[in-house]
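Asker: As a plain string of letters, each chain reads:
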Amino acid sequence: MARQLRNEIRVLRFNAGEMTQADLGARIGVTRQTIAAIEQGKYSPSLETAFRIAEVLKVPLERVFHWEEA
Amino acid sequence: MPYREKLSWLTLISLLIAATAYFGIFGPAVEFGKTRLLDIVWSYGPVAAVHGLVVLAGYAALALTPSGEPTAPADERDRAIERRSTSAAYFVLLIGMLLVGMVMPFTEPPYKIINTALFVIVLAEVARDTVMLFGYRRGLNGQAA
Numbered sequence: 001m002a003r004q005l006r007n008e009i010r011v012l013r014f015n016a017g018e019m020t021q022a023d024l025g026a027r028i029g030v031t032r033q034t035i036a037a038i039e040q041g042k043y044s045p046s047l048e049t050a051f052r053i054a055e056v057l058k059v060p061l062e063r064v065f066h067w068e069e070a
Numbered sequence: 071m072p073y074r075e076k077l078s079w080l081t082l083i084s085l086l087i088a089a090t091a092y093f094g095i096f097g098p099a100v101e102f103g104k105t106r107l108l109d110i111v112w113s114y115g116p117v118a119a120v121h122g123l124v125v126l127a128g129y130a131a132l133a134l135t136p137s138g139e140p141t142a143p144a145d146e147r148d149r150a151i152e153r154r155s156t157s158a159a160y161f162v163l164l165i166g167m168l169l170v171g172m173v174m175p176f177t178e179p180p181y182k183i184i185n186t187a188l189f190v191i192v193l194a195e196v197a198r199d200t201v202m203l204f205g206y207r208r209g210l211n212g213q214a215a
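Those protein sequence lines, which keep their order, are chains L and G. Take the first sequence: its position 37, counted from the start at 1, is 37 in this note's numbering, and no numbers get skipped. Take the second sequence: its position 87, counted from the start at 1, is 157 in this note's numbering, and no numbers get skipped.
Bound-form chain L, shown alone (with noise of 0.2 angstroms):
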């Protein structure tokens, strides 16, 4: 069966205090249309970037990416 890899980059975003996609993508070192790319599933970034952002959203690598049945 298909999976794909989904992630709540947006919702976790709102959480940590209305965080802009430009904000996010200075602190983890990408730039903004990166981030937009990653949250939209255009992009799957490097394991080293993936935990930069849980890090920066201050939440564990498994609720920022996760699977989901296509």
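Hints are computed from structural coordinates only; laboratory data are not their basis. Incorrect hints may appear among the rest.
Stated by the list, open to error - One-sided excerpt, in silico: chain G residues whose CB lies under 8 angstroms from chain L: (1) A142; (2) D145; (3) E146.
Said to hold, decoys possible - Calculated Cβ distances over 10 angstroms to all of chain G for the following chain L residues: (4) L12; (5) E18; (6) T20; (7) K42; (8) F51; (9) E55; (10) V56; (11) P60.
What the hints assert, rightly or not - One side only, chain G facing chain L, incomplete, derived with CB under 8 angstroms: (12) P72; (13) G115; (14) R147.
All C-beta atoms in this analysis are idealised placements derived from N, C-alpha and C, irrespective of residue type, glycine included.
Given chain L, put chain G in place with the hints provided.
Answerer: Leaving out everything else, chain G in the frame of chain L:
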């Protein structure tokens, strides 16, 4: 639109215009160097020079835009898209050069070999820019590919 996507549009459009100018106008005018090989230099040289100047001017114009984006270093997504597009261009160039260097010398005159080589280089660059644009627009290197 990301800074690097703008650069890709700039190089792609300017290259297509330059290639059209040579293969559609200046090349046919001198029969692609059929009678004198040096005609290729005198017809393609200025086209390539103007193309280079246009691209440089475009880079400068984009660098002077107030968005501040050009100073941002390439991030991991930029590098991933760059790798993907360069691989595609390499494949096109490899196939083209095998044709130009290992097949055409036995069947075609020198002026055709030179022009085909130029065409293959253009094709490789078009492939690179196109894959890069798809990477930025459609997410070729991600889940939605």
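Asker: All the hints need checking, so say for each whether the structure fits it.
Answerer: To see whether the hints hold, each was checked on the structure:
Look at A142 (chain G): its Cβ gets to within about 6 angstroms of chain L, closer than 8 angstroms, so that hint holds up. Given hint, D145 (chain G) at the interface with chain L, holds; its Cβ is 4 angstroms from that chain's nearest Cβ, closer than 8 angstroms. The interface hint given for E146 (chain G) holds, since its Cβ lies 5 angstroms from the closest Cβ of chain L, which is under the 8 angstroms cut-off. Remark: the non-interface label on L12 (chain L) is consistent with the geometry, its nearest Cβ contact in chain G lying 18 angstroms away (cut-off 10 angstroms).
Look at E18 (chain L): its CB is around 23 angstroms from the nearest CB on chain G, clear of 10 angstroms, so calling it non-interface holds up. Distance check for T20 (chain L) against chain G: the nearest CB is about 16 angstroms away, which clears 10 angstroms, and the non-interface claim stands. For K42 (chain L), the shortest C-beta to C-beta distance to chain G comes to about 3 angstroms, within the 10 angstroms cut-off, and the non-interface label is violated. Even its closest Cβ contact with chain G, about 13 angstroms, leaves F51 (chain L) beyond 10 angstroms, as expected for a residue assigned away from the interface.
Non-interface status of E55 (chain L) relative to chain G is upheld: no Cβ of that chain comes within 10 angstroms, the nearest being about 16 angstroms off. The beta carbon of V56 (chain L) sits about 15 angstroms from the closest Cβ of chain G, which is more than 10 angstroms, so the claim that it is off the interface holds. No Cβ of chain G comes within 10 angstroms of the Cβ of P60 (chain L); the nearest lies about 21 angstroms off, and the non-interface call holds. For P72 (chain G), the interface hint holds, since its Cβ comes within 8 angstroms of a Cβ in chain L; the closest pair sits about 5 angstroms apart.
Taking 8 angstroms as the C-beta contact cut-off toward chain L, the hint placing G115 (chain G) at the interface is violated, the least distance being around 38 angstroms. Nearest Cβ of chain L to the Cβ of R147 (chain G): about 4 angstroms, under the 8 angstroms cut. The hint holds.
Checked against the numbered hints given earlier, this structure breaks hints 7, 13; the rest are met.
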